[in-house]
Structure formats: structure tokens, C-alpha cells
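Note that the sequence shown ends on residue 171 in the working numbering; no numbers are left out.
No lab work stands behind these hints, which were simulated from the structure alone. Errors might be hidden in some of the hints.
[Stated by the list, open to error] Distance windows between CB atoms, simulated:
| # | residue 1 | residue 2 | range |
| --- | --- | --- | --- |
| 1 | Asp135 | Ile158 | 31 to 39 Å |
| 2 | Thr37 | Phe119 | 16 to 24 Å |
| 3 | Arg46 | Leu150 | 22 to 30 Å |
| 4 | Leu130 | Ile22 | 21 to 29 Å |
| 5 | Tyr69 | Gln104 | 34 to 42 Å |
| 6 | Thr79 | Leu32 | 18 to 26 Å |
| 7 | Thr74 | Ser19 | 34 to 42 Å |
| 8 | Gly66 | Pro17 | 16 to 24 Å |
From the three backbone atoms N, C-alpha and C, an ideal C-beta is built for every residue, glycine too.
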Amino acid sequence: MKRKPRGFELSQKPASVKILQWTYLAAFLSIVATATIIHNTERPFLDILRIPTFFRLAEPYVGFSYKASLTIYHFTFAYFLLLILVDAVCLFWYSNKFLKQLSLLSSYIGFFLIGFILLYFLYSSFLIGFADRQAAVSALIFFLLSLTFFVLDLITFFVEEEGIYHSR
Numbered sequence: 004m005k006r007k008p009r010g011f012e013l014s015q016k017p018a019s020v021k022i023l024q025w026t027y028l029a030a031f032l033s034i035v036a037t038a039t040i041i042h043n044t045e046r047p048f049l050d051i052l053r054i055p056t057f058f059r060l061a062e063p064y065v066g067f068s069y070k071a072s073l074t075i076y077h078f079t080f081a082y083f084l085l086l087i088l089v090d091a092v093c094l095f096w097y098s099n100k101f102l103k104q105l106s107l108l109s110s111y112i113g114f115f116l117i118g119f120i121l122l123y124f125l126y127s128s129f130l131i132g133f134a135d136r137q138a139a140v141s142a143l144i145f146f147l148l149s150l151t152f153f154v155l156d157l158i159t160f161f162v163e164e165e166g167i168y169h170s171r
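Hey, can you work out the whole structure from these sequences and the hints?
In C-alpha cells:
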């Protein structure tokens with residue numbers, strides 16, 4: 004009798020997990036590709052997606068210094084990428100109970116992290132208003148991206164919670 008390799012038991016995973024694992028992988032690759040493109044092209048190409056440009060434009064409105072905002076952003080972005088990568092890995096090896104719990108924990112922490120990011124961009128949108136068009140559009144784009152990842156993280160949390168505590 005031939006043994007199946009551990010980890011990729013796709014037939015035993017719920018459909019929600021299969022969808023989430025590929026969504027997280029696509030999100031991670033999209034973020035890395037976008038960051039690579041932005042960092043390797045000259046300005047003003049995709050200036051609307053450049054966080055440092057947004058921080059510089061938003062500084063007079065939101066009251067946070069450019070340097071402080073950029074420092075917080077770098078730590079937050081690094082954790083955010085780690086969160087996405089952890090969830091993607093845990094969802095691919097869904098049969099491992101430790102990884103399910105790790106994904107649940109990272110989603111729980113991510114809920115607060117992404118929630119604060121969401122509030123920051125909402126706050127920025129209200130303060131900037133129509134005073135600076137590029138900053139306002141950037142804030143709206145970053146708010147919508149944050150909202151998307153917030154909802155994705157919330158869905159992941161409930162899927163993981165269901166898989167850990169309500170499975171046979």
C-alpha cells in the first residue's frame with residue numbers, strides 16, 4: 004500500500020480552505036510584485052500607490068511626522084507580509100493542528116493590526132478631504148485595500164476557528 008505525502012491532502016480540505024489558500028498565495032505574490040515594480044520604476048509612475056509619497060502629502064493634515072509614519076509603516080508592512088505568508092502556509096498544510104492554531108492566532112492578531120491600519124486610512128481620508136486630490140485618492144485606495152484584507156483576515160479567522168473547534 005502506497006503512502007500519500009503529508010501536507011497536501013486536498014481532498015480532505017473544505018472548499019473554503021482551498022479558496023483561502025490560493026487567495027492568500029495570490030495576495031502575497033501580488034504585494035511582492037507591486038512593491039518590486041514600484042521600487043524599480045521612476046516616479047511619478049504609480050505614485051498613487053507609493054506609501055512614502057502619501058505620508059509626505061498627508062503630513063500637514065494628519066499631524067504625524069513623515070519619519071515616524073514611515074518607521075511605523077515599515078514594521079507594520081513587515082508584520083503584514085509575515086501574517087499573509089503564515090496564513091498561506093498554514094492553509095496549505097491544513098491537516099496540521101499546530102498550524103491551524105498558528106493561523107488562528109495570526110488572524111486574531113492581524114484583526115487588530117489591520118483594523119488599526121483601516122482606522123488610520125479612514126481618519127486620513129476624513130482629514131484630507133478634498134484639500135489634496137492625490138493624497139485623498141491614495142488614502143481611499145489604501146483604505147479599500149485595508150478593508151479587503153480586514154475582511155479576508157476575518158473570514159480566515161472564522162474558517163480556522165470552525166476547523167479547530169467544530170470539526171470531528
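- Where does the structure disagree with the numbered hints, that is, which hint numbers, in rising order? Result: hints 4, 8 break, sorted rising.
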